[in-house]
Each structure stands twice: as structure tokens, then as C-alpha cells.
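If you're matching them up, the sequences are chains A and B in order.
Counting in this note's numbering, the first sequence runs from 10 upward without gaps.
Counting in this note's numbering, the second sequence runs from 68 upward without gaps.
In case anyone wonders, no lab produced these hints; they're calculated from the structure.
For every residue, glycine included, the Cβ atom is placed at its ideal position computed from N, Cα and C.
Please note: incorrect hints may appear among the correct ones.
FRET-style restraints, in silico, Cβ to Cβ [said to hold, decoys possible]: (1) A:Ile24 / B:Arg134: 22 to 30 angstroms; (2) B:Ala103 / A:Leu146: 34 to 42 angstroms; (3) A:Arg96 / B:Lys118: 54 to 62 angstroms.
Here are the computed lysine-lysine pairs in the DSS-like style, where the Cα-Cα straight-line distance is at most 25 angstroms [unchecked claim]: (4) B:Lys129 / B:Lys118; (5) B:Lys81 / A:Lys20; (6) B:Lys158 / A:Lys85; (7) B:Lys135 / A:Lys85; (8) A:Lys169 / A:Lys201; (9) B:Lys129 / A:Lys85; (10) B:Lys129 / A:Lys20; (11) B:Lys118 / A:Lys85; (12) B:Lys158 / B:Lys135; (13) A:Lys201 / B:Lys104; (14) B:Lys135 / A:Lys20; (15) B:Lys158 / A:Lys20.
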Amino acid sequence: MTRSGEEQELKERLILIESMIAEGRRSHERWGWVYVLWGVANCTAILWTALGHFPYAWPIAMITASVLTAVLAVRKTASRPSTTLGRAVSSIWITLGVSMMLLFPALGISGRIDEYIQISVASAMLGMAYAASAILLRWKAQFACALIWWGSSVFACFGKSTPVAVVYLSAIFFCMIVFGVYGMISDWRARKLEAVNG
Amino acid sequence: MAELPELNPVIHGKLRLALLSLLAGVDEAEFTWLRAKTGSTDGNLGAQLLKLEEAGYVSVEKKFVQRKPQTLYRMTEAGRAALTQYVRALKELLGGAM
Numbered sequence: 010m011t012r013s014g015e016e017q018e019l020k021e022r023l024i025l026i027e028s029m030i031a032e033g034r035r036s037h038e039r040w041g042w043v044y045v046l047w048g049v050a051n052c053t054a055i056l057w058t059a060l061g062h063f064p065y066a067w068p069i070a071m072i073t074a075s076v077l078t079a080v081l082a083v084r085k086t087a088s089r090p091s092t093t094l095g096r097a098v099s100s101i102w103i104t105l106g107v108s109m110m111l112l113f114p115a116l117g118i119s120g121r122i123d124e125y126i127q128i129s130v131a132s133a134m135l136g137m138a139y140a141a142s143a144i145l146l147r148w149k150a151q152f153a154c155a156l157i158w159w160g161s162s163v164f165a166c167f168g169k170s171t172p173v174a175v176v177y178l179s180a181i182f183f184c185m186i187v188f189g190v191y192g193m194i195s196d197w198r199a200r201k202l203e204a205v206n207g
Numbered sequence: 068m069a070e071l072p073e074l075n076p077v078i079h080g081k082l083r084l085a086l087l088s089l090l091a092g093v094d095e096a097e098f099t100w101l102r103a104k105t106g107s108t109d110g111n112l113g114a115q116l117l118k119l120e121e122a123g124y125v126s127v128e129k130k131f132v133q134r135k136p137q138t139l140y141r142m143t144e145a146g147r148a149a150l151t152q153y154v155r156a157l158k159e160l161l162g163g164a165m
């Protein structure tokens with residue numbers, strides 16, 4: 010083999026290493042549906058409580074969303090290898106979910122909460138989770154969502170009832186439903202590109 | 068004149084290199100996932116993984132999940148060190164060309 014031929018082969022080896030390592034780490038992107046699911050669950054609970062005055066709207070919506078997330082997540086990750094990055098990101102969302110599931114029912118039962126505190130704390134917690142995930146994944150769109158959540162948290166401390174609710178619902182719509190759909194479209198495009206490139 | 072480094076022959080095979088690189092990015096991987104990512108046949112993949120296992124670069128765990136057999140592969144510390152050394156040697160060899 011000529012010298013340039015050998016060099017070319019060695020370069021191909023390096024490219025192969027880089028592409029395979031990247032391939033292994035690419036297992037955290039397919040989670041857009043979770044954001045959509047939780048966005049829909051939150052909107053359903055809010056509207057059900059506001060319009061139907063049904064006291065069990067939140068527990069029913071949250072438990073349904075949790076069960077659906079767990080079942081679908083197990084099915085989707087069954088054949089995929091786990092990565093350190095994937096575990097780091099999922100740990101953020103699992104601990105956020107457990108914290109919220111414990112805190113808000115407890116505050117609701119004890120009566121030591123009002124709508125402003127609920128929205129402010131929920132938004133701050135979501136902002137923290139979105140920002141931490143965005144920093145790990147280097148995902149600018151997700152960090153923009155974190156800023157929206159933090160804005161909603163601060164606004165809930167000063168605003169009046171209706172504007173606070175409108176800002177919170179808008180945050181849910183953009184940061185969960187729109188962001189989730191965007192994530193699903195990005196993933197679909199990436200898979201399509203992958204299929205074209207073989 | 069400085070001596071050029073030798074490339075580890077166990078890793079140098081294209082499929083074995085691809086397998087070690089894939090395992091470098093994950094905690095552990097199933098045989099079926101490795102087969103899908105490399106586009107290799109069962110026989111060839113099994114043979115190459117066995118060579119990596121014999122060299123101490125990967126470890127294997129066989130278990131049953133919902134009554135289905137599952138073979139999991141993990142990169143060992145020796146495998147990680149060997150891959151790092153291989154990349155270093157490659158870059159050194161390519162030194163002037165890169």
C-alpha cells in the first residue's frame with residue numbers, strides 16, 4: 010500500500026472511532042413525547058379544576074401521566090443501552106417528579122399553600138430541571154424554556170391572579186407541548202437523515 | 068529518529084474497533100444493539116466479540132429478561148486503556164498528515 014493510502018486508512022479508523030462513540034451516546038434524544046404528555050396532563054388538570062370544580066382532577070391527571078410515562082419509558086428503553094449522560098438527565102426528571110408529587114399534595118392537604126405559591130414553586134422547580142438538562146445536553150431551546158419557567162416563577166410573586174394564571178398556562182403550552190413537538194420533529198429529522206446516510 | 072508506535076492488532080480490525088468504540092460511549096450494550104449498529108452478521112459479530120473478550124477488553128453477562136436470553140457487553144478498564152492507547156498511536160502516526 011502507498012504512504013498516502015496508509016494515511017487514508019488510518020484517518021478512516023479515527024473517523025470510525027469518533028462516529029461509533031457518538032452513535033453510542035445518541036440514545037437520550039428521543040424523549041419529546043414526555044414533554045407533550047406532561048403538558049397535556051397539566052393543562053387537563055388545570056382546566057378540569059377551573060371549569061369542572063372537580064377536586065380529584067390533579068391526582069387523576071398526575072397519576073395517569075406517571076403511569077403512562079413509566080410504561081412507555083420501559084418499552085422504549087428496553088433495547089437501548091444506558092449511558093452516563095442518559096442516566097444524569099433522567100435522574101433530574103425522576104427526582105423532580107418525586108419532589109413535586111410529595112410537595113404539592115402535602116401542601117394541598119395541610120392547606121399551607123395558595124395559587125401564587127403553587128405556581129411560583131412549580132415554575133422554579135421546572136426552571137431548575139430544564140436548565141440542568143439543557144446544560145448537560147447543550148440544548149439552547151431547552152435553556153430558553155428554563156428562562157420562561159423562571160420568569161413565570163418571579164411573575165407569580167408579584168402579579169395578579171388572572172395574568173399569573175395566563176403566564177403559567179402559556180409557559181406550560183410553550184415549554185411542554187410546543188417544545189415537546191419540536192423535540193419529536195428534530196428526532197424524526199435526525200432519524201430520517203441517518204436512514205438516508207445509511 | 069524517534070520510533071513510530073505500533074498499532075494494537077486486536078483493536079486494529081475494523082469491526083473490533085467499531086465495537087470497542089461503541090462500547091466506549093455506553094455503560095453496557097446488548098448483542099442485538101451492537102449487531103444493528105455495526106450491520107454485522109451474528110457469526111462474525113460473535114467471533115469478534117469473543118476475541119475482544121479473550122484479550123480482556125470486554126466483559127460479558129448473560130441473563131434472562133422476561134424469559135428471553137439477553138447478552139450484555141461492557142468495556143473493561145483494560146479495554147478503555149487499550150482504545151486510548153490505540154487512538155494516541157494513530158494520532159502519532161498521522162502526526163504530519165493531520
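Hints, verified against the model:
no.: 1; hint: A:Ile24 / B:Arg134: 22 to 30 angstroms; in the structure: violated, 41 angstroms
no.: 2; hint: B:Ala103 / A:Leu146: 34 to 42 angstroms; in the structure: violated, 24 angstroms
no.: 3; hint: A:Arg96 / B:Lys118: 54 to 62 angstroms; in the structure: violated, 29 angstroms
no.: 4; hint: B:Lys129 / B:Lys118; in the structure: holds, 17 angstroms
no.: 5; hint: B:Lys81 / A:Lys20; in the structure: holds, 12 angstroms
no.: 6; hint: B:Lys158 / A:Lys85; in the structure: violated, 38 angstroms
no.: 7; hint: B:Lys135 / A:Lys85; in the structure: holds, 17 angstroms
no.: 8; hint: A:Lys169 / A:Lys201; in the structure: violated, 46 angstroms
no.: 9; hint: B:Lys129 / A:Lys85; in the structure: holds, 21 angstroms
no.: 10; hint: B:Lys129 / A:Lys20; in the structure: violated, 35 angstroms
no.: 11; hint: B:Lys118 / A:Lys85; in the structure: violated, 31 angstroms
no.: 12; hint: B:Lys158 / B:Lys135; in the structure: violated, 43 angstroms
no.: 13; hint: A:Lys201 / B:Lys104; in the structure: holds, 16 angstroms
no.: 14; hint: B:Lys135 / A:Lys20; in the structure: violated, 40 angstroms
no.: 15; hint: B:Lys158 / A:Lys20; in the structure: holds, 9 angstroms
When each numbered hint is compared with the structure, violations occur for hints 1, 2, 3, 6, 8, 10, 11, 12 and 14.
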